[in-house]
Amino acid sequence: MSRARIDSLTALAGPVLLVVAVAALGSQLNPVRQLEFGEALVSVAIVVALYVFVGNSGVLSFGHISFVAVGAYLSGILTLDVEQKNLILPTMFGVLRHTHTSTALSLAIAALAGGLFALVAGIPLMRLSGLPAGIATFAVLGITTNIISYWDKIGPGVTALSLVPTNGVWTLMVGALIVIVVAFAYQRSRLGRRLRATREDPLAAQAAGIHVHRERLYAFVVSGALAGFAGGLLVHQLGSITPDQVSVELTFTTLAMLVVGGVSSLSGAVLGALLISGLNSFLADAEQGVNIGFQLTLPTGTRLVAIGAVMALVLILRPSGITGGRELRLPRLRRAGASRRGP
Amino acid sequence: MTFLQSLIDGIGLGAVYAVVAVGIGLVFGVMRLINFAYGELITAGGYTLALLSNAPAIVAIIVCFAVVVALALLQERIAFRPLRGAAPATMLIATFAVSFLLQNVYLLAFGSRGSTVGTLGGLNTAIAVGSLRIRWITIVATIAGAALLGCLTLVLNRTMIGLQLRAAAADLRTARTLGVRANRVITAAFAISGVLAASVAVLLTVQSPLVTPDYGVSVTIFALVGVVVGGLDRLWTASLGGFAIGFANAFVGDLLPSASSQYLPSVVYGLVILVILLRPSGLFAGRRATAAERV
Numbered sequence: 001m002s003r004a005r006i007d008s009l010t011a012l013a014g015p016v017l018l019v020v021a022v023a024a025l026g027s028q029l030n031p032v033r034q035l036e037f038g039e040a041l042v043s044v045a046i047v048v049a050l051y052v053f054v055g056n057s058g059v060l061s062f063g064h065i066s067f068v069a070v071g072a073y074l075s076g077i078l079t080l081d082v083e084q085k086n087l088i089l090p091t092m093f094g095v096l097r098h099t100h101t102s103t104a105l106s107l108a109i110a111a112l113a114g115g116l117f118a119l120v121a122g123i124p125l126m127r128l129s130g131l132p133a134g135i136a137t138f139a140v141l142g143i144t145t146n147i148i149s150y151w152d153k154i155g156p157g158v159t160a161l162s163l164v165p166t167n168g169v170w171t172l173m174v175g176a177l178i179v180i181v182v183a184f185a186y187q188r189s190r191l192g193r194r195l196r197a198t199r200e201d202p203l204a205a206q207a208a209g210i211h212v213h214r215e216r217l218y219a220f221v222v223s224g225a226l227a228g229f230a231g232g233l234l235v236h237q238l239g240s241i242t243p244d245q246v247s248v249e250l251t252f253t254t255l256a257m258l259v260v261g262g263v264s265s266l267s268g269a270v271l272g273a274l275l276i277s278g279l280n281s282f283l284a285d286a287e288q289g290v291n292i293g294f295q296l297t298l299p300t301g302t303r304l305v306a307i308g309a310v311m312a313l314v315l316i317l318r319p320s321g322i323t324g325g326r327e328l329r330l331p332r333l334r335r336a337g338a339s340r341r342g343p
Numbered sequence: 001m002t003f004l005q006s007l008i009d010g011i012g013l014g015a016v017y018a019v020v021a022v023g024i025g026l027v028f029g030v031m032r033l034i035n036f037a038y039g040e041l042i043t044a045g046g047y048t049l050a051l052l053s054n055a056p057a058i059v060a061i062i063v064c065f066a067v068v069v070a071l072a073l074l075q076e077r078i079a080f081r082p083l084r085g086a087a088p089a090t091m092l093i094a095t096f097a098v099s100f101l102l103q104n105v106y107l108l109a110f111g112s113r114g115s116t117v118g119t120l121g122g123l124n125t126a127i128a129v130g131s132l133r134i135r136w137i138t139i140v141a142t143i144a145g146a147a148l149l150g151c152l153t154l155v156l157n158r159t160m161i162g163l164q165l166r167a168a169a170a171d172l173r174t175a176r177t178l179g180v181r182a183n184r185v186i187t188a189a190f191a192i193s194g195v196l197a198a199s200v201a202v203l204l205t206v207q208s209p210l211v212t213p214d215y216g217v218s219v220t221i222f223a224l225v226g227v228v229v230g231g232l233d234r235l236w237t238a239s240l241g242g243f244a245i246g247f248a249n250a251f252v253g254d255l256l257p258s259a260s261s262q263y264l265p266s267v268v269y270g271l272v273i274l275v276i277l278l279r280p281s282g283l284f285a286g287r288r289a290t291a292a293e294r295v
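Sequence lines, in order, name chains D and P.
Just so it is clear: in the first sequence, position 171 is 171 by our numbering, and no numbers are missing.
Just so it is clear: in the second sequence, position 234 is 234 by our numbering, and no numbers are missing.
Just so you know, not all the hints are guaranteed correct.
For each label pair, taking beta carbons as the anchor points, the in silico distance ranges come out as [what the hints assert, rightly or not]: (1) P:L210 to D:N30: 35 to 45 Å; (2) D:P165 to P:N183: 50 to 60 Å; (3) P:A55 to D:G301: 26 to 36 Å; (4) D:L116 to P:C151: 25 to 35 Å; (5) D:N86 to P:R32: 50 to 60 Å; (6) D:G289 to P:N157: 54 to 64 Å; (7) D:T297 to P:A109: 15 to 25 Å; (8) D:K153 to P:C151: 31 to 41 Å.
Don't read these hints as lab results, they were simulated from the structure.
Glycine is no exception: its CB is placed at the ideal position from the N, C-alpha and C atoms.
Just chain P, with the same shape it has in the complex (with noise of 0.2 Å):
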């Protein structure tokens, strides 16, 4: 039974690992940016949800999204645009000069200490079904999970944004000339990525709700991972990648005997450089022939 209650905790956290990633995915298409300061919209998001405590819980999710989307739209505007076109190595450590700047004002606006999120706590209450305990939570994030990456999917197929999206990811420069606005579509990019962000603070806030300056952090290390591993080149090879990496951190965490539980970390590198090694375009992308272009 222990195996089938390792199998529901690794789906409820693979669930919000595979929106994080699909958030950096989408980034990731349009700009060829893999965006660091993504964790710190999280970060905002659960801050935000603290300050809030004591409101309603619909407003502070209203607030939440607004405050995260913002955010999301201010990084794109004053750090990323600039930077457009500039080497990939030199973009990906500006994403870090932003998360390691915004992690340093949560610092110097709320403490060390962090603060404690109480909306929705409810949710962690568990049912017992036989001799498992499902915590309702885990059933919220695997629901919301699917339904947000099933409304991406549906904005993406069938509307025209996501057209003009989904061209951009393809092939920037041919869109443009083909009449998409650049700008439109990054900011839509961004704008959808916060909202996932967004829905990613809400949930994760229920089940570790003591926010600090580095809450984000480690989930987005992760979820990048879990992209990387997954392939980058698609949003649901990202997303599978992103909910495989939640998923084996829980349940390989279960597995392992207690006395080596400390090496998990290790465990989880060792088999991320073992699939990169083999699959190096993505485990989940196709065995395309992919030659060097020279353009």
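So here's chain D without its partners, still in its complex pose (with noise of 0.2 Å):
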């Protein structure tokens, strides 16, 4: 393997350990942590997701929940027992409803529907930019969110989808992992650096030969796909689902996971969702009263506060996020004097 290679690959290795980390530690600890650090690794896939488009082309989307909402419903929906789904969801489709697939099939499935949505948004979309672009994909979350909760024959609308089968901390952390190792091999790729050459110059990037709207689409389409499929887990994660949990709530927290970390690295999408969903488990611990050093002990509703709190304090002081859109590396793999920036 060629030193430029192995210099590239462990700029991977940051978020990879991470993430396994934080699995490992986790899998340690009681039931009810374990859903915690479950429900951090899948906001893992899903700000991963989203920096996948956000991160290399720089254009905000507010509509990519749009994608981790139908990821999580079909994948729900799919893996339900038959008899159950005749008898709680008559009005849906039949396709759906006589369908049943295993957990790793539905996921399949769900990062293709995401895909597909992608791109039958993106192809109008993608021409646009700048607040424009955020107002249209806004639309396209209101669209969705509207249709989830009143078309019976998708989905049981605004009552919860429940009973579907949950998964632990390591299934979850292996469907991280292949978001992040997608994510980084699109970034490495041909597509990923003539997006990224957009990002920094779109005029440039186009004296250069590269058509903007096309790089841009291709990266909404294998986005969308992994939001799909992080929607999947999602549901996987929590057992069930209701429309509000799939929307604008998510949207603006998964987004600011994105920039407390830094937008435009793949390592500060990771640590940004890691941090973010750390502080908010500790925060909720602190309002029950926990001992560290001392007796903390927070009045209920200081929590959301908080957060709201740290994220415009590290915003303020750190604009461009933690990692300052930089990769993180293995210090002692790095060559003297090779201290350029991530990719």
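Please dock the two separately framed chains into a single complex, following the hints provided.
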């Protein structure tokens, strides 16, 4: 293996080790803790999926949670028992009612559906950039949420989709790692580099023969497929899902995780998701009373206030995120003088 | 006649959204910042009115204006001033964070069940004109909206600070080299947007008096959509866009058969996507050739 390739792979090692470490730590803890760690791993998957498009293209998308939602519902419904489905969801399309798949297959189908949805939405929308792109993608989310909430042929509507089989920390870790590896492979590929060029300077990239819209569309589809997959992970972590759980709030929290970590690096996406999830769990504990050298008990409800304050503070103090857009590298493998910025 | 009724309801709601749109557009003009936490200003106004429900209306309204303007200035000073010049995405997400923070402060302080505003509740009574029912608030909202936008136009065109605001909106850097003080102009923009938010709080709480922590969120989202649909670069296109979205919401909602009215958001969002695709720089923006700038 060439030196350059080893060097580039060390950039993948950082996020991967981080996720493995989190899963390993989580698996040693009690079941309640394991749920929190599972949630963190799913957040990593969603934020990395979002990063593939937002980070590489520099265009904000408020619509990615639509792909997460489609993936979550599809994957959840496919793994439900056929008898149960006929009983509790009699109005649903026959195909969805009569099909039962394994979790792994349902995740693959969720990825496919997310990618397909992203393709259909992306063909018209990828011509836009800046605020119009943000609002148009947000409108896609609005439509998705609205339809999932009311159309009883594709799911249970506003009531929760429940009884979905759940998975433990290790399975979720594998899922998160798959998303990270695909994201990494994409950003190192010719496609990823071309898209990054359009992010740095659209005009120069165009002048060099790069088709901006097309590159963005490719990223949108990859990112949509990963988001669909992550949605599948989400439903198999929670065991149930409602339209509200995969809507505006999740959009903002995942975007905030991405920005807090640092929009333009994979490490930033992973780190942001883990840190905010960790903070969230810690504060939830602190509301119950926790011992950190001294007894700390926060009044109920301070958790979300503190998270909002931390997010605002990080952005004010470090506008380009904790990683500043650089990749984490293993320090001892870095050659002297090779402190160039991440890809 | 239901058509006329929908038209009137649409105008009343449109006027409120137009004011919200201008409040957002004004700050965007000078700072290139979409303040998503604008809705929390409206919510703050709502809570102030709710707390002062037993006070005389005039006192409640004055305090409401004071609180909202103070909060607007506070937002600018603490959160947005340090971020000046940061990437637009970062600024936008920072305003989300502020919005999220304020919503949860409200939740902590006032609970999730909401507080009811009693101020000016009398304006909800309707007068009958033929078979039409026109609520007083519709008339008041329309007149107040028009008056506010009229006053703002006067301020922008006839005063020194208005001139500076327009200069800053056109090009902040050049304006600064010509002696316009950035802090002063931006503070002024936030103060005016605070006044507009307070007015919206007063008008909106009459129509929907239950103030919850997320009271301002949907108004802001819809107004923001309207602003982009209308065209962000000018105030009047932004306000027309805001009006259009409020109007469309009330109007399309009335016209859709009741069986499919649950899909109203989809229809409105679908229209929004269509407009943005056809006219990315805004429905009412002129057809100016916008060459990409390299500087």
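The hints, checked one at a time:
| no. | hint | in the structure |
| --- | --- | --- |
| 1 | P:L210 to D:N30: 35 to 45 Å | holds (41 Å) |
| 2 | D:P165 to P:N183: 50 to 60 Å | holds (58 Å) |
| 3 | P:A55 to D:G301: 26 to 36 Å | holds (28 Å) |
| 4 | D:L116 to P:C151: 25 to 35 Å | violated (51 Å) |
| 5 | D:N86 to P:R32: 50 to 60 Å | holds (55 Å) |
| 6 | D:G289 to P:N157: 54 to 64 Å | holds (60 Å) |
| 7 | D:T297 to P:A109: 15 to 25 Å | holds (19 Å) |
| 8 | D:K153 to P:C151: 31 to 41 Å | violated (52 Å) |
Hint violations for this structure: numbers 4, 8, all remaining hints satisfied.
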